[in-house]
Structure formats: structure tokens, C-alpha cells
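There are 2 protein chains.
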Amino acid sequence: MTTPFPKTPEFTGTLYKPARFEGEVYDLEIEGKMPDEIDGTFFQVAPDPQYPPMLGKDMFFNGDGIISAFTFKNGHVDFKRRYVMTERLKAQRAARASLHGVYRNQYTNDPSVQDLNNSTANTNVIVHAGKLLALKEDSAPYALDPVTLETIGLWDFEGQLTSATFTAHPKIDPVSGDLLCFGYEAKGDATPDIVYYEIDALGRKKRETWIVAPYAAMIHDFAVTENYVIFPLMPLTVDLERLKNGGRHFQWQPGLDQLFGVLRRDGDGRDVRWFTAPNGFQGHTLNAFDDGGRIYIDMPITSGNIFYFFPQSDGTVPPPETLSSNMMRLTIDMNARGNGLEMTPLTSFACEFPRSDDRYMGRQYSHGFVIAMDPTKPFDEERIGPRPFQFFNQLAHLDVTTGKAKTWFADAQSCFQEPIFVPKHADAPEGDGYVIGLCNRLADCATDLLVFDAQHINEGPIATIKLPVRLRMSLHGNWVAGSKLAAR
Amino acid sequence: MTTPFPKTPEFTGTLYKPARFEGEVYDLEIEGKMPDEIDGTFFQVAPDPQYPPMLGKDMFFNGDGIISAFTFKNGHVDFKRRYVMTERLKAQRAARASLHGVYRNQYTNDPSVQDLNNSTANTNVIVHAGKLLALKEDSAPYALDPVTLETIGLWDFEGQLTSATFTAHPKIDPVSGDLLCFGYEAKGDATPDIVYYEIDALGRKKRETWIVAPYAAMIHDFAVTENYVIFPLMPLTVDLERLKNGGRHFQWQPGLDQLFGVLRRDGDGRDVRWFTAPNGFQGHTLNAFDDGGRIYIDMPITSGNIFYFFPQSDGTVPPPETLSSNMMRLTIDMNARGNGLEMTPLTSFACEFPRSDDRYMGRQYSHGFVIAMDPTKPFDEERIGPRPFQFFNQLAHLDVTTGKAKTWFADAQSCFQEPIFVPKHADAPEGDGYVIGLCNRLADCATDLLVFDAQHINEGPIATIKLPVRLRMSLHGNWVAGSKLAAR
Chain A
0 MTTPFPKTPE FTGTLYKPAR FEGEVYDLEI EGKMPDEIDG TFFQVAPDPQ YPPMLGKDMF
60 FNGDGIISAF TFKNGHVDFK RRYVMTERLK AQRAARASLH GVYRNQYTND PSVQDLNNST
120 ANTNVIVHAG KLLALKEDSA PYALDPVTLE TIGLWDFEGQ LTSATFTAHP KIDPVSGDLL
180 CFGYEAKGDA TPDIVYYEID ALGRKKRETW IVAPYAAMIH DFAVTENYVI FPLMPLTVDL
240 ERLKNGGRHF QWQPGLDQLF GVLRRDGDGR DVRWFTAPNG FQGHTLNAFD DGGRIYIDMP
300 ITSGNIFYFF PQSDGTVPPP ETLSSNMMRL TIDMNARGNG LEMTPLTSFA CEFPRSDDRY
360 MGRQYSHGFV IAMDPTKPFD EERIGPRPFQ FFNQLAHLDV TTGKAKTWFA DAQSCFQEPI
420 FVPKHADAPE GDGYVIGLCN RLADCATDLL VFDAQHINEG PIATIKLPVR LRMSLHGNWV
480 AGSKLAAR
Chain B
0 MTTPFPKTPE FTGTLYKPAR FEGEVYDLEI EGKMPDEIDG TFFQVAPDPQ YPPMLGKDMF
60 FNGDGIISAF TFKNGHVDFK RRYVMTERLK AQRAARASLH GVYRNQYTND PSVQDLNNST
120 ANTNVIVHAG KLLALKEDSA PYALDPVTLE TIGLWDFEGQ LTSATFTAHP KIDPVSGDLL
180 CFGYEAKGDA TPDIVYYEID ALGRKKRETW IVAPYAAMIH DFAVTENYVI FPLMPLTVDL
240 ERLKNGGRHF QWQPGLDQLF GVLRRDGDGR DVRWFTAPNG FQGHTLNAFD DGGRIYIDMP
300 ITSGNIFYFF PQSDGTVPPP ETLSSNMMRL TIDMNARGNG LEMTPLTSFA CEFPRSDDRY
360 MGRQYSHGFV IAMDPTKPFD EERIGPRPFQ FFNQLAHLDV TTGKAKTWFA DAQSCFQEPI
420 FVPKHADAPE GDGYVIGLCN RLADCATDLL VFDAQHINEG PIATIKLPVR LRMSLHGNWV
480 AGSKLAAR
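Protein chains in written order, with numbering that gives the first Met the number 0: chain A, 0 to 487; chain B, 0 to 487.
Simulated from the structure, these hints should not be mistaken for laboratory data.
Even glycine gets a Cβ: it sits at the ideal position worked out from N, Cα and C.
Mixed in with the good hints there might be a few duds.
Unchecked claim - Listing some non-contacts, in silico: residues in chain B with all C-beta distances to chain A over 10 Å:
{"hint": "1", "residue": "G74"}
{"hint": "2", "residue": "S347"}
{"hint": "3", "residue": "A427"}
Claimed, not checked - Subject to a maximum C-alpha distance of 25 Å in a straight line, what follows is the list of computed PhoX-like cross-link-like pairs (lysine-lysine):
{"hint": "4", "chain 1": "A", "residue 1": "K89", "chain 2": "A", "residue 2": "K16"}
{"hint": "5", "chain 1": "B", "residue 1": "K79", "chain 2": "A", "residue 2": "K79"}
{"hint": "6", "chain 1": "B", "residue 1": "K72", "chain 2": "A", "residue 2": "K89"}
Isolated chain A (complex conformation) (with noise of 0.2 Å):
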């Protein structure tokens, strides 16, 4: 590969320069002491593009998915690392070059891979009836075998999948264990539609739902709760005649409002209603319940648009400090006439990449966990340079209930990716548990996965799991217990 990755920020520094490199590494080095309990794998996922952009420049979302697993027992964990073996990949390998263009506009692509499927893979990694997902949402997933992080190939299960398209964010009904699910630009590029999907734990659809959003807009995650499914519509819209002049996907309004659009489970669709707030950035969902006849849905929410490489139609964005950021409770109250939604801030400080305690989805919980950026602790420009976008300088506790957080604040160099909560045991309290993210250290150019007592974040990690090799940032992943993988 002779031609370098641009000198550009979405391609250079420790967090973000590619790392491509696939492999193991058995038995990682441990600081601190390992609770001998920790009992399954890690799965999260990374895109790490393998050739430099063909238009010489790109988005750090338009990487090639790669997959990291550490698998931990008995106090040791095991390292794999493996591409998405997708059909985009697989034609940029054997050309030995990229093919693709512009993000999500297959319109801008090589001709000689026009036909084939565009994903990446690369947004985040779930295991369901006995298969890896790896998930892009503008596509079909790929399956792959949990064990060797082999890929299978795109997966419509078994001819289920009905759509053109599959979330990233699915959920796991902790009672259930069904996937739920949706599609939107369900019916391809541009389309309005969005389709719901309940799948059982083996596989079978249960319901599929249709609506139609007012119109073609991103919706990145969602909510589930015991009784409704909201869709958040972001003010990012899409427009078939941008990308078949080869321009964006998504383009920011900064004159729409957010839309949520909620619909009964059991329902058809046909009560879908939309409800409304100011424009705003909707983030992703830390978790949601209902009490009948409210809906609560707690998620991070920016003033304004955060994603600089989707700006307004002008080709602006808001400089980033002018926008503010805040975990927000949403109520929806379904009795309420007219727009029955409100929203109360539940911290003080921006964060993303929430997480809760898997069991309580959906349900009324107290327990969130988020990767914070607080701009008034010390960076260390000298050493690192300038600094990332998405630096994420601290790990919280959000008490939903209490209001009250707890925060750890590594160092003036380390930056977190998201992390996941895993149980105790399975049937230990709520939040009784384990924290366990990657956090890089971008001056000593080194990755290291950290393990905290989910209950005393600040009291900083317990067991530090020191990688060899330096992991670029990464997106989504979850945990899956030992005794689910040895099951399947």
C-alpha cells in the first residue's frame, strides 16, 4: 500500500491513526487484581479503515469494522482481534486500493463495486441466537462465529429480514432475551419508511411493524420500554438528489425540531404519534421505561449539531463550545393532549456512549454509566498535541434516581471508549457489578482495558489489562456471559 493515510486529524495521533492489524494475544498482562468471577467476553468494534480514502479524505465512521474480543475466565483474559470480512473489504483487498467514496452514498463508489452491499460493519457487535451481528445501520448485518470471530456473511435471518437496513442499537428484552429492532431508510436511500422487528432468542420474527417517518432523517439508536418503542428522528436529513450528485448523506437543519416518534409494541403502527423538541442533537440511549401512561427516556442531548463532517446546508457547523450537553430525562406523557414531552437535565456535565445495567432494559432503573468530556481538567498538549475529537476524559456514575455521580478522571493523557456493566452473578442487585472499557493512553501510545467496581468509579480501576498494541477508538460493544456463548 503505497499510498499514505492523510495527515489529517481523522487519520493521525494515537486515538485515531489505523491500527489494521488482526490477531491474538493469549493471556493479556494484568495490574491490579482480577475478580476470579468475571466470566464471559468482551465484543466491541472499531472502524479501522484498511486502505487510505480513494477521494483522499474521509470520516472516521467510513472505516473498515474490526472486531476486538477479550474473553476473560478465571481471572485471565484472552485477546482476538478480526476484520468484518465484509464484501466491501473483500473487493478493496483484492484490488489492493479503496473503492469507495463518500460516506453511505454508494453513488460516489468504484463502479466495479457498485453492486455490491456498502457496509462496513463497523458501529457495534451483539450476539444473538448463537451469531456475532456486526452492525451498520445502513445495511443488513454480518454474522459471524463468536469463537473465531469468523465471518459468516450477511445475515437477513434466514430470509426474515424484510428491510434494506438494520439498526446498530438493537435491544435485548432481559426476560425475553427477544431482539428488538428496527430499519430505517427501510426501503432504501432516502426512503421515509422505518420497520420494527421483534426476534425471538432462536431466531424467529415475532412482529414487524411499518410506519413512516415525516420525513428521511437519521435514526441512529432508540428506545424500548415494556410497552412502546420511540424513534428518535434527528434533524440530519437525507436527500436522494444530494447523494446522486455525490454529496452527503446526511445534512443538518438546524430549523427542524427533534422528533420522537412513539408506537405500541402490540400495536400496528398506525398510533405511531410524533412528539416534539427543540432543535437539538438526540444521542444514544442510556435506557427508557414506562409507567403506562408516561414514557421516560434518558439520553444525551447537544444544543446543537456535534457531527462537523454532516454540516448544514451552508457547510457550517457550530464551533463546538458554543453548544451545550447534557444526559436529559425526557417524559412523554401519553394522556397528555398536544405535545406532551419534557425535559430535565440528570447531569451537569456533557457525556456519551451511556450504558446500563442489561437486565433493567427498558425497565425502571437507577444505575447509568457514560464516558464524560470535562474541558477544565488538564490535557497534555505538550506530549499528545492537539486535542481529539471525542476525548473523553473521564468515567461516570449516573445515580438516575438520586441525581448523584460519581466520576474518575484518569490523567492528563488518557481518553475512554465506551464502556459496558457486567453483573456480579445473575442475580445480584442492580449496578452490583463490574465497568469494564478500553482507555487509551495517547502518549505512551498504548491501549489498556479497565476494570472498575461498578460501584466505585471514582475510586479508579481495580485491574488494569495492559495491551501490547495500541487499539485505535472504537464505538459499540457489549458483554456476553461465558455460560450464554458455551450454550449456543
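Position chain B relative to chain A; hints supplied.
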């Protein structure tokens, strides 16, 4: 693995911190202009301990062998890296702990592994008769598949190996393709027996000659000319009682001469003669040749013990700054009465890991390539810390005919590893080709593979192959042409 590696120089810093990962990088990023004509694989091996030492401390040379393979084709380079799955490593992985004690002292190992082969297979790799042989001088080789790097197992050349040991520095006769090789301590620990073998390109043993040295001592490398074999017996002696008492395998003897055992290749060994030079440390062979009556051997020789981990009987080693070191030409006059051995320096600087154009092995030649230490050049102690052991800050091309040297110093943070020479094509004149070697960028925690025009080393690399992972300091390796690998 909850026992951390020791915080000693052998296990810390970006040159010596264990790397431990196995895997692949498809299509490494290349800066500069990679010549399309370079076609083949550069195999090399490093000691890289799977586990922290059982005894709490250890030396660099005792790490488990891990092989890196860089495959060049059409201007692209792919990377693969795998541990040699030695009996020793398999036992450690099963126990998830080190089971091995003092370097090359089986008596200090855990009882569970005392009957297992003790080789780390960490010193050199060479392709012979279709197999990749991973070599450690205390054992038979391990054979691996040269394409997959999968370990086949201990290799006794289909029962033809009669010795307990096999050198890490065999030579390949450039005319016949025969493997010219030997073993010392060839009847087991502390035996003074030496065996010399010639094994043809198809793996059939053609010659086997046994001699007995004046005493058991290290013979790390050797030399072969068209008519002679030369064994440099180093003043690093072996004593069985010391081994049984848990001591070091080797002990420096400041009162012993350097010895050089010379025998005819076509004889039965009874003609062996031992030539002497004043006490000193014989390094690796650059090359050797004879004109019938005179033998010429080029190797770096240091005035005293450079292996701080093998001290003399009082436990001391000379301070490194008191030692002098040069590439030396040894001339042995086989017709002289008495000790017809003379030494003349070929360089004014210290160097090691010498390599020549392998097509001239044992023949009169001109071109040598070494890595060198220039203590007067700047060193970035502020970012790196203290200068590590074996910090080679220069690459050099020696013309042994004219005595001229061309050197290249990269910068104050770069440390070279052993280079290899690749001819431009099979019929290119001697030294007309490329020098390829790893270079650790200590302050950047990075490793590059550099490609130089062999005749213009002083102009710097023509191509820089960027690894996204840090490699540990390695030992030796070899180039294998693509045509040879394809034909196996």
C-alpha cells in the same frame, strides 16, 4: 496473567517491553518508492516471553521465539507473526505461567517440564528443503510451514540428526544449496563434542564429522569456506556441576584465549587444528573464504565480555566503555608452522549483526552490511530514558576490499535490528540490491521496516514500511526469494 513483567531493563522500554501478539497486517502502509522487483519473504525471529520469568528475573535471550514474516510482492508488503509453538511454550500456556528457570539450565526448571525439550526457538529462522526452521543452539530445530507459520514440531531431519544440538547459524552453500551446519555441546550439556553436517537441498545428509574441542564452551556462529570449516570457541565455558547447582550455563574466562578450530570440509575431522588469539569476544561471522592455503574470516571482535548476563567467576563484567570493538579480518595461514593467525581491523567503529550478499557465502567477496553503535551521535534520553542494551543507531555498508564504509544515522531515537541483503535479481553483481531491516522508533513506540539501496545506504531509506504495532528487539533472520517459496 496477573504476575506483571519485571520492571528491569530486559523487560521495559519500547525496545525490550514484551510485544506478545500474533497476527497479520494485510498490506502495510509504505512511504517512499517500493521497488516492484522485490519478491520474497523476510523471515526473522525475536525472543518475546509469553510469561514473566518464573524466577522473577531473566535475560533477553531466554524469551519464547516469535517469528515475523514480511512478504514482498508487486510493491506490496504483507505481515504475519506467530509464536513457534515449542514444547516449552505449550507447557507454559497450559499452566498459564512460566515453568522455566535459568537460561539453558534444565535443572532449574519446574519438575513438570524437566523432560521436555528446553528450546525457545528464538535465535534464527531459515528455509531449508521446504520447511522454515526456527533455531536455538541448544536443541534440534523446530520446523514450521513457511506460508502459514504453523509449527510442525521438533525436526531431526527425518532421523538423520545424531546430535543433541544444532546451531542457530547454519549457512547455505550458494552453489549446491546444501545446508552447512553444526552442533556444539553436541552430546549434551557441557560436552566438548562438536559435529559438522552437510545436508543437501532436498534434506539428505551428505556429510557428518565429529571432533572434540579442548573444552566445552560457546560456539555461537561459525564460518565455512569452499575448503574449510572454522569453529570460533569463545571464552564462555560450560560446567556441568555449575548447572546442577542451579548456576548459569556460561561463565566468562578472562584467562582463556579465543580459539578457532579449523578442519577440512572433505576430511574426517582428525586434521582439526586450533588457532589462538588473545582473550576477546568473537561475534557473528560476516563472511569467510580461502585461497587454498590461507583462510580469511571477517567478524566483529570485542576486547572483552559484552554479555553482562554471563559474568566471570567473581560475578563481574568489564564496564562496556572499557571495551574496544571492531570488525576484524582474521587471516589463518594453514601452511605456517605454529599459530598462523593474524588480525587486522576492517572498521574503526563497533558493529554487529553483519550480513553479506548470501550468493557469495564462503567465496571471495567485497560487500558487508552491519548495524553499528556510534556513541558520539545524539541520543534522545529525555524522551526514551537511558540508552538500552544493544542500541544500534547506525546502519553501515562496508567494502571489505577497499576498507571504505558508508553509514546512515536516522535520528536520536532510532535503533536498527539485523538487516538482510536482497539482490536486485538473481544475476545482479555482488552487492547490487537492497538492504532491508527493522528500525525501532523508541520515542514513537513504533517500528518501521526500512528498504535501502544497498550501494547508497548513506542516502537513507528509499521506502519506509510502517508497522501499526511495536515489535520487540529481535535477533536474526533471512530472506527467501518468492520463487523458492513457490517451488517448495
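Evaluated hints:
1. G74: G74(B) is in fact no farther than 10 Å from some Cβ atom of chain A, at 6 Å.
2. S347: About 37 Å separates S347(B) from the closest Cβ of chain A, which puts it past 10 Å; holds.
3. A427: Since the minimum Cβ distance to chain A is about 23 Å, A427(B) lies beyond 10 Å and the statement holds.
4. K89(A) with K16(A): holds (22 Å)
5. K79(B) with K79(A): Roughly 15 Å between the alpha carbons, so the hint for K79(B) and K79(A) holds.
6. K72(B) with K89(A): holds (19 Å)
Of the hints listed earlier, the one the structure fails to meet is number 1.
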